[in-house]
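Protein chains: 2
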Amino acid sequence: MSSSEKQKVVVNTAPPYVALRPNDKLATVMTVATSDSSGGAGIEADLKTFTAHKCYGLTCLAALTAQTPKNIYSIHEVPREHFKLALTANMRDMRVDAIKTGMLTKNSVEVLIEALSEIEPTKRPALVVDPVLVASSGATLVSDDSVVQQIKLLAPLASLLTPNIHEASKLLGCSEEMLKLNTVDDMISRAKDLQKETGCPNILLKGGHVSWEGTELKGIVTDVLYTASNECIVYQSDRCDSKNTHGTGCTLASAIASNLAHGETLEHAVYGGIQYVHNAIQVGCEVTRSHIEENGPINHVYAIKMPLLEMVKDLCYSAHALAINSERELAAKDARGRSGSSSSQNSSSTSSLVSQIRDSGHFFEYLISDPRVKPHWESYVNHEFVRKVANGTLEREKFRFFLEQDYAYLDNYAQIHCLAASKAPAVEDFDKSVEIVTKIKTEMEKHREKMMSHFKIEDMKHFDTIRMGPALRNYARFFDDVAKNGSWVHLCAALSPCLMGYGHALRKVEKDITVDKDDIYYAWCQDYLAPWYVEGMEEGLILLDRICQMTDDWDTLCEIYAAVCKLETEFWDAALHYQESN
Amino acid sequence: MSSSEKQKVVVNTAPPYVALRPNDKLATVMTVATSDSSGGAGIEADLKTFTAHKCYGLTCLAALTAQTPKNIYSIHEVPREHFKLALTANMRDMRVDAIKTGMLTKNSVEVLIEALSEIEPTKRPALVVDPVLVASSGATLVSDDSVVQQIKLLAPLASLLTPNIHEASKLLGCSEEMLKLNTVDDMISRAKDLQKETGCPNILLKGGHVSWEGTELKGIVTDVLYTASNECIVYQSDRCDSKNTHGTGCTLASAIASNLAHGETLEHAVYGGIQYVHNAIQVGCEVTRSHIEENGPINHVYAIKMPLLEMVKDLCYSAHALAINSERELAAKDARGRSGSSSSQNSSSTSSLVSQIRDSGHFFEYLISDPRVKPHWESYVNHEFVRKVANGTLEREKFRFFLEQDYAYLDNYAQIHCLAASKAPAVEDFDKSVEIVTKIKTEMEKHREKMMSHFKIEDMKHFDTIRMGPALRNYARFFDDVAKNGSWVHLCAALSPCLMGYGHALRKVEKDITVDKDDIYYAWCQDYLAPWYVEGMEEGLILLDRICQMTDDWDTLCEIYAAVCKLETEFWDAALHYQESN
Chain U
1 MSSSEKQKVV VNTAPPYVAL RPNDKLATVM TVATSDSSGG AGIEADLKTF
51 TAHKCYGLTC LAALTAQTPK NIYSIHEVPR EHFKLALTAN MRDMRVDAIK
101 TGMLTKNSVE VLIEALSEIE PTKRPALVVD PVLVASSGAT LVSDDSVVQQ
151 IKLLAPLASL LTPNIHEASK LLGCSEEMLK LNTVDDMISR AKDLQKETGC
201 PNILLKGGHV SWEGTELKGI VTDVLYTASN ECIVYQSDRC DSKNTHGTGC
251 TLASAIASNL AHGETLEHAV YGGIQYVHNA IQVGCEVTRS HIEENGPINH
301 VYAIKMPLLE MVKDLCYSAH ALAINSEREL AAKDARGRSG SSSSQNSSST
351 SSLVSQIRDS GHFFEYLISD PRVKPHWESY VNHEFVRKVA NGTLEREKFR
401 FFLEQDYAYL DNYAQIHCLA ASKAPAVEDF DKSVEIVTKI KTEMEKHREK
451 MMSHFKIEDM KHFDTIRMGP ALRNYARFFD DVAKNGSWVH LCAALSPCLM
501 GYGHALRKVE KDITVDKDDI YYAWCQDYLA PWYVEGMEEG LILLDRICQM
551 TDDWDTLCEI YAAVCKLETE FWDAALHYQE SN
Chain G
1 MSSSEKQKVV VNTAPPYVAL RPNDKLATVM TVATSDSSGG AGIEADLKTF
51 TAHKCYGLTC LAALTAQTPK NIYSIHEVPR EHFKLALTAN MRDMRVDAIK
101 TGMLTKNSVE VLIEALSEIE PTKRPALVVD PVLVASSGAT LVSDDSVVQQ
151 IKLLAPLASL LTPNIHEASK LLGCSEEMLK LNTVDDMISR AKDLQKETGC
201 PNILLKGGHV SWEGTELKGI VTDVLYTASN ECIVYQSDRC DSKNTHGTGC
251 TLASAIASNL AHGETLEHAV YGGIQYVHNA IQVGCEVTRS HIEENGPINH
301 VYAIKMPLLE MVKDLCYSAH ALAINSEREL AAKDARGRSG SSSSQNSSST
351 SSLVSQIRDS GHFFEYLISD PRVKPHWESY VNHEFVRKVA NGTLEREKFR
401 FFLEQDYAYL DNYAQIHCLA ASKAPAVEDF DKSVEIVTKI KTEMEKHREK
451 MMSHFKIEDM KHFDTIRMGP ALRNYARFFD DVAKNGSWVH LCAALSPCLM
501 GYGHALRKVE KDITVDKDDI YYAWCQDYLA PWYVEGMEEG LILLDRICQM
551 TDDWDTLCEI YAAVCKLETE FWDAALHYQE SN
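Chain order of the listed sequences is U and G. Just so you know, the UniProt record's numbering puts 510 at position 510 of the first sequence, and the rest follows in order with no gaps. Just so you know, the UniProt record's numbering puts 157 at position 157 of the second sequence, and the rest follows in order with no gaps.
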């Protein structure tokens, strides 16, 4: 064989900096539960959750199910002796920082209790017990009543018990109606009852199944943590409009166990768990075939990046010779920065989409006409806040709040332009970004002077103490996210609505500016109508025309544009509804 | 219950931008294999790998083992009927983009072949078969011979077969010696033989167990991919000096299957798989108890970040009231930027470590005296490259290569300072970074002018076409990594050696600068001895003194300093050993 037929590829990139220290003591979590072959719940969901939490996962299987969201087709109990050998081997040879239990069998509970009882209480790993009732999942291995008996035996050894309302009623030996959940305080009382009834020191009573119909809690998921020291934390999150909820119980308990294994406090571990499940439901995933109508699984990997994509973007990536598709190549160029200079990126400019745009005007017009963007753009540029500034009817303290938030926004805006500079594909783009940063700093100085004279602020330190409000936090968080995880093209799209929208909004009220010319309101309006601002907007138009030639994925650009227009609207909403007592 | 006893926490952060599109069709992979209770191999390793590759994992268990790295304590075969129900349920109700098989049983292979044969060849999911020989793992469920028979039945249905040398010899029906592996071409021939013998169109012959003693391939792992179109790719990577290799086979096959499920080409999928396993071995993890001396598992989660830590850093994080430890708080402040202003960070300056430094001089001295840093610092500041510039004996083309690489370095250095600005904890730090960026741009201009006149370069475009050499790529990659994943403090530590080292290196040869004063070499030497440069170094000293007060984790700072000193040394090495033919 001649060596000319073969291609040699060196695979030698060092592991990323995040792993500077080799042989780190990974936090470890063992799941004692049942396998769900379709991967949405059971030990599969547990292992996915441990992995997403940078934990090392171990298993001890009590039973196996052959199931999909549609049905449970088979259930097979693991022999007691095998279960016992797996459990004791892990406890003896492996480090186990935390244990999470899910669906168990009579045998497995007995063996587990035996094993835990042999360990000194202070040396036991953290134990999170998700008191799954088998009947509700359709399996018939054991009856609910016997499960309840088993959970009660296990609970005193546990660090945390995480029943939902259904499981709580069974554990308390009453019907769900008898729990009488009309207020949050009722939930707290039931959590306290559960603590007494089960002997488990900490109870997380999950309210996801409580509809709170007719109360102010409707649309909000309320979970209550009642702790060993009789403290109580009420966690509230918006109810997600998703049917993909299969596996939430397993996942929450596993996420909490992972956080505990990392050494977090219980309060924090629960916070992180709820947040992770909340996001995993909200993002969702589609992995069932089209004939399946039942609830699909949640998305355990929403925050994970594909290693191969990351490698291709890596400066030390050495397999450029291997065939990769054009989108990847572009992403890689984008990440490599200047080396894949702007000219090569412009070469992809002959796509049909681009000529379509050329015919119909600027890409900006395309963006604001997109049905996903249009309603948010309209609410943004026709905002009542602007109208009230223009006619002078806006309350002064609301304007002051706005100016302060806007000042903090500019601070963040400058940071984000630094990130844009670091991603710039061409030297000119880099220089442009640095220029903008300098301009923003100048504008902030003007801002400060204006506010100091108008609002009689004497101490410069005042500006360091401005607290970002929720609307600004959301906005800044989105910027940060796109700047860190998106490409330069995505970031340009995200930075555009602020520039374009203020100009358009002021143009819409230009004829109705009736406020006195000496008023700070008047000066504010004129700023966004000034020739220098209009010039900036024209540069903005050209930039959008350019970035649309650098990607075929205009959908994502529209989604980003829509999201930022919504954030801009909410930013003005926050000022309009500001009350000093806040 | 009065409401004053409870604490309310809102958990409502939107999922990150990476997941802008809800209900994404996650790539799905099903593992058909055996459970390893200790989590290092088997379906546990598979699920961890799928998750780390942003894939949705499904399972179909052929058997269960109770094992740890020390021993296999029990093995339990899953009944044929249950296995069949799990497999057919997944194939019918779930989307399965790829399948990976590991340790199988006679029953499971038969059922799998039956199920796959019912699917039209073009509609079959990608199938990666890792031909695990059970005997080598100590289990006795089936004999090697019968496994070989089973694999041969399955292979024609597979997309890829991934035998190691041991498995290859069994599949080819000969002893390992009879494979006669003395050169890479021998491996290619054996891969070709395997293709013929098994009927599997693509073969990845893994050379990890070949020592290549006495050949030039010693110390390098060589894997050979022989494809259906008779093309051959030779993948080479440095052999890792780690005993944590348990589960590498399962993990490689799972990583390849994940990449195929994402729609990658086979060549790329294999590249990504090898890289992932290489990193997972290199990073390693410690999860066994101290009495276990056997090979531990690899680290599947090396690139994953802890969700809770990310949440705490999030702008929209709303549980500040919950107790968190001070390190986390600091990280959060760092990430929140200006709002946790510099004064509050300085308040942690009273640690004993700091007073220890105060007694012994600058933190810089501490850093370069650390045993991890010292050898790298010494090689760096006593580099022969500098001595040869100073006495004029360095070949001109080597200096030219250096200047060009240094120009490209500055370009990158400016980008990284932009990232530093975006992370700056205080306004002054931000301004300082932007100031440095501007200075670097000026220096690049001077660089260009100098090189144009000295090397008679006429076309400015020349500077856009400079290709980064391997040493610079490694260096830039490290910067990029710290800038994106590290804190501002870490980034400051990474940016320091360049500034400090050049000054110190030149000071060491100051008395031996014998090159002509008109020479570009002379000017280069004087640049780093000039008063403005020394001033910069003094600012650098103060910055290091400041950052050491912002963290207790000086170990990481030392590791970063050592890593960058090594990269600087390699940068000069590359110039010193440059040959024009390269």
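No lab work stands behind these hints, which were simulated from the structure alone. Glycine included, C-beta positions come from ideal geometry on N, C-alpha and C. Do not take every clue at face value.
[Claimed, not checked] With a Cα cut of at most 35 Å, we get these calculated DSBU-like pairs of lysine-lysine: (1) Lys566(U) <-> Lys566(G); (2) Lys6(G) <-> Lys441(U); (3) Lys25(U) <-> Lys106(G); (4) Lys461(U) <-> Lys8(G); (5) Lys25(U) <-> Lys439(G); (6) Lys6(G) <-> Lys123(U); (7) Lys25(G) <-> Lys374(U); (8) Lys8(U) <-> Lys511(G); (9) Lys374(G) <-> Lys456(G); (10) Lys398(U) <-> Lys305(U); (11) Lys446(G) <-> Lys439(U); (12) Lys6(G) <-> Lys446(U); (13) Lys6(U) <-> Lys432(G); (14) Lys461(G) <-> Lys484(U); (15) Lys218(G) <-> Lys305(U); (16) Lys517(G) <-> Lys70(U); (17) Lys388(G) <-> Lys305(G); (18) Lys566(U) <-> Lys461(G); (19) Lys517(G) <-> Lys8(U); (20) Lys8(G) <-> Lys441(U); (21) Lys8(G) <-> Lys218(U); (22) Lys123(G) <-> Lys70(G).
[Stated by the list, open to error] So the derived list for chain U, only partly shown, Cβ under 10 Å to chain G, looks like this: (23) Ile43; (24) Ile113; (25) Ala421; (26) Asp480; (27) Val509; (28) Lys511; (29) Val515; (30) Asp518; (31) Tyr533.
[Unchecked claim] Some residues of chain G that are not near chain U, with every Cβ distance over 12 Å (derived): (32) Thr28; (33) Glu44; (34) Tyr56; (35) Leu133; (36) Glu264; (37) Arg507; (38) Val534; (39) Arg546.
Taking the minimum C-beta separation from Arg507(G) to chain U, is that value above 12 Å?
-> Given that every Cβ of chain U is farther than 12 Å from that of Arg507(G), nearest at about 30 Å, it holds.
Tyr56(G) remote from chain U - nearest C-beta pair above 12 Å = The claim is violated: Tyr56(G) sits with its nearest Cβ about 5 Å from chain U, within 12 Å.
Holds or violated: Lys398(U) to Lys305(U), with C-alpha atoms at most 35 Å apart = violated, 42 Å
Does Val534(G) sit more than 12 Å from chain U, CB to CB?
-> holds, 27 Å
Hey, does Thr28(G) actually stay past 12 Å from chain U on C-beta?
-> Nearest chain U Cβ is 5 Å from Thr28(G), so the label is violated.
How about Ile43(U): closest beta carbon in chain G under 10 Å, or not?
-> Holds - the Cβ of Ile43(U) comes within 10 Å of chain G, reaching about 9 Å at its closest.
Is the hint on Val509(U) kept, meaning its closest Cβ partner in chain G is under 10 Å away?
-> Since chain G brings no Cβ nearer than about 31 Å to Val509(U), farther than 10 Å, the hint is violated.
Within a Cα-Cα threshold of 35 Å, do Lys517(G) and Lys70(U) meet the stated pairing?
-> With Cα atoms ~83 Å apart, Lys517(G) and Lys70(U) exceed 35 Å; violated.
Has the given pair, Lys461(U) with Lys8(G), been kept, meaning a C-alpha gap of at most 35 Å?
-> Holds - the C-alpha atoms of Lys8(G) and Lys461(U) are around 32 Å apart, at most 35 Å.
35 Å limit on alpha-carbon distance, applied to hinted pair Lys123(G) and Lys70(G) | violated, 42 Å
Would the pair Lys388(G) and Lys305(G) pass a check requiring their Cα atoms to be no farther apart than 35 Å?
-> violated, 45 Å
Is it true that the CA of Lys8(G) sits at most 35 Å from the CA of Lys218(U)?
-> Cα-Cα ~16 Å, so holds.
Hint check: violations occur at hints 1, 2, 3, 5, 8, 9, 10, 12, 13, 16, 17, 18, 19, 20, 22, 24, 27, 28, 29, 30, 31, 32, 33, 34 and 36; the rest are consistent with the structure.
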